[in-house]
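Sequences are here, hints too, so could you generate the full structure?
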Amino acid sequence: MKKFDYFKPKTLEEALALFAKYGEKAKLIAGGTDVIVMIKQKTISPDVLISLQGIPGLNEIKCNGSLTIGPMVTHRAIEKSEAIRKHFSALTDAADFLGSIQIRNVATIGGNICTAAPSADTATPLLVLGTQVRIKSLKEERTIPIEEFFKGPGKTVLKASEMVKELLIPKLLPNTGSAYYKLQRRLALDLPILGVSVLISLDKNKVACSDMLCTASPISSILHKMEEDQIVCKEVRIALGVAAPTPLRAVKAEALLRGKKLSDELLEEVAATASKEAQPRDSIRGEAWYRRDMIKVLVKRMAMKSIERVIQPEETIFPERLW
Amino acid sequence: MNKRILSFTLNGEPVEVEIEPHLTLLQVLRDKLELTGTKEGCGMGECGACTVLLDGKTVNSCIFPAMEVDRKSVTTIEGLTDAQGNLHPIQKAFVEYGAIQCGFCTPGMVLSAKAILDENPKPTEEEIRSGIAGNLCRCTGYLQIVQAIKAASGQQ
Numbered sequence: 001m002k003k004f005d006y007f008k009p010k011t012l013e014e015a016l017a018l019f020a021k022y023g024e025k026a027k028l029i030a031g032g033t034d035v036i037v038m039i040k041q042k043t044i045s046p047d048v049l050i051s052l053q054g055i056p057g058l059n060e061i062k063c064n065g066s067l068t069i070g071p072m073v074t075h076r077a078i079e080k081s082e083a084i085r086k087h088f089s090a091l092t093d094a095a096d097f098l099g100s101i102q103i104r105n106v107a108t109i110g111g112n113i114c115t116a117a118p119s120a121d122t123a124t125p126l127l128v129l130g131t132q133v134r135i136k137s138l139k140e141e142r143t144i145p146i147e148e149f150f151k152g153p154g155k156t157v158l159k160a161s162e163m164v165k166e167l168l169i170p171k172l173l174p175n176t177g178s179a180y181y182k183l184q185r186r187l188a189l190d191l192p193i194l195g196v197s198v199l200i201s202l203d204k205n206k207v208a209c210s211d212m213l214c215t216a217s218p219i220s221s222i223l224h225k226m227e228e229d230q231i232v233c234k235e236v237r238i239a240l241g242v243a244a245p246t247p248l249r250a251v252k253a254e255a256l257l258r259g260k261k262l263s264d265e266l267l268e269e270v271a272a273t274a275s276k277e278a279q280p281r282d283s284i285r286g287e288a289w290y291r292r293d294m295i296k297v298l299v300k301r302m303a304m305k306s307i308e309r310v311i312q313p314e315e316t317i318f319p320e321r322l323w
Numbered sequence: 001m002n003k004r005i006l007s008f009t010l011n012g013e014p015v016e017v018e019i020e021p022h023l024t025l026l027q028v029l030r031d032k033l034e035l036t037g038t039k040e041g042c043g044m045g046e047c048g049a050c051t052v053l054l055d056g057k058t059v060n061s062c063i064f065p066a067m068e069v070d071r072k073s074v075t076t077i078e079g080l081t082d083a084q085g086n087l088h089p090i091q092k093a094f095v096e097y098g099a100i101q102c103g104f105c106t107p108g109m110v111l112s113a114k115a116i117l118d119e120n121p122k123p124t125e126e127e128i129r130s131g132i133a134g135n136l137c138r139c140t141g142y143l144q145i146v147q148a149i150k151a152a153s154g155q156q
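Line by line, the protein sequences are chains L and A.
Residue numbers for the first sequence follow the working numbering, beginning at 1 and rising by one.
Residue numbers for the second sequence follow the working numbering, beginning at 1 and rising by one.
Calculated directly from the structure, the hints in this document are not laboratory data.
Source: prediction; values computed, not measured.
Just so it is clear, CB atoms sit at the ideal spot from N, CA and C, and this is done for glycine as well.
Incorrect hints may have been included.
Within a straight-line C-alpha distance of at most 27 Å, the following computed DSSO-like cross-link-like pairs (lysine-lysine) qualify [to be verified]:
hint : chain 1 : residue 1 : chain 2 : residue 2
1    : L       : K204      : L       : K261
2    : A       : K57       : L       : K40
3    : L       : K2        : A       : K32
4    : A       : K92       : L       : K3
5    : L       : K165      : L       : K139
6    : L       : K62       : A       : K57
7    : A       : K57       : L       : K165
8    : L       : K261      : L       : K296
9    : L       : K27       : A       : K72
10   : L       : K8        : L       : K40
11   : A       : K122      : L       : K10
12   : L       : K8        : A       : K32
Take a look, some chain A residues computed to stay more than 10 Å from chain L by CB distance [said to hold, decoys possible]:
hint : residue
13   : E13
14   : F64
15   : T75
16   : Y97
Over the 10 Å line for every Cβ pair with chain A, so calculated as not near, a few chain L residues [claimed, not checked]:
hint : residue
17   : T115
18   : I144
19   : Q184
20   : R185
Structure below.
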């Protein structure tokens, strides 16, 4: 492996000063599960690594209605956070699906988005949750919506000597549920063929067919009941991973559903529109036509899962029980 | 490159070792400290053969910067036997249930099993299987490993 020097600054200012000093020659390292692998694979060759592990305060989860997550929070900590599971469930799904326990113990959410893989597990949940990214350099601090963060495979909006300081998720509407599904060939340690996140806010929490949601009733009869109950979708966000060079919001599909009464036909149309908005490619993990077809299936299923979670936020994803 | 002094607790004993800053924890354990129980499989954090415990949590030592273990506590497979050299109950169960064939995944597998049981003394089969999802075994088909971990938790 290439030799490099390794610094462990004790404060944010010290880290950013080192980063400004070494510039292109330096790389920030969080958990290192991407950075060390990229150095071993010779895709990057920094002379200096600047570790963020020694800086206090970067690994905190704060939840009081809104949620703030430090960039050094590990996926394992997210997976175990009851507050996140209850209110921001899609993020729990993503943490749960990522790598192995060994990886989740070390890999951080800041690292996951800064590596900016089109397949990044936390990217689509952060998109549907309306995340703001706080970015800091030695001289300035700015906050941008996560939609503007990803610029291409491995590319972000971060300029030289800038780092992600915090992720902010504003308070969600009442009666909101969210879900993320990772389509993969094996149940652990795989990269997704597709990642789909949906967030839905309903106008009421008394979904009359709540019992049916927990059974194996066909999706059409569940939605038929909802139609009878005149349940309106107040807010919806849909995000797709591995469906374009960057994680993507399916805004046209969202617009079809926002403010409308839920129905089977409408959800079909929304899922089909999301599929058209995607620009998937053929790759070793899956062909474009297959990805497009599966977006149709999974957007609808994640919409259903989100509705289920309005009632039961702690329901986990069982791949075998997704209608 | 300037060498650094790393001091940490290894299998309950304090150690100090001079290292180059680019080394991984696995390189320090095997090449500097000559503890070759920890194995290198893929070297990319996928197979789990290099699993060790860092402050009680499993990490892949092949992609873990050695510089980050300073003032922390590391447990390797060599640290599981007691003072008289008796095997740990998990190791005994692995032997008894034939959970070992070639043995290359075993040190990592045993440490993942220990992390599962330390956190959850009576795991379900599902919890055991997801707990060892980061440790690949190409010999046993996992059945005997799952049985051994169950037995070590006193459930068989």
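Take the C-alpha atoms of L/K2 and A/K32, compute the straight-line distance between them, and say whether it is at most 27 Å. Judged against 27 Å, a Cα distance of about 18 Å means the pair holds.
Taking 27 Å as the top limit, are the C-alpha atoms of A/K57 and L/K40 close enough? holds, 24 Å
Verify the proposed pairing of A/K122 with L/K10, using a straight-line Cα cut of 27 Å. violated, 40 Å
So A/Y97 supposedly isn't at the interface. Is its beta-carbon more than 10 Å from every beta-carbon in chain L? holds, 22 Å
For a C-alpha distance cap of 27 Å, please report whether L/K8 and A/K32 respect it. Given that 27 Å is the threshold and the Cα spacing comes to 22 Å, the pair holds.
Has the given pair, L/K261 with L/K296, been kept, meaning a C-alpha gap of at most 27 Å? holds, 20 Å
Between the alpha carbons of L/K27 and A/K72, is the straight-line distance 27 Å or under? Cα-Cα ~24 Å, so holds.
Beyond 10 Å from chain A, beta-carbon-wise, is L/R185? Nearest chain A Cβ is 14 Å from L/R185, so the label holds.
Regarding the pair A/K57 and L/K165, is the alpha-carbon distance no greater than 27 Å? Satisfied, since the Cα-Cα distance of roughly 25 Å is no more than 27 Å.
Is the Cβ of L/Q184 more than 10 Å away from each Cβ in chain A? holds, 12 Å
Compare the distance between the alpha carbons of L/K165 and L/K139 with 27 Å, and conclude whether the hinted pair is satisfied. Holds, at roughly 14 Å.
Grab the minimum beta-carbon distance between L/I144 and chain A and tell me whether it stays above 10 Å. Answer for L/I144: holds, closest chain A Cβ roughly 30 Å.
Hint compliance for this structure: hints 4, 11 and 14 are not met, and every other hint is.
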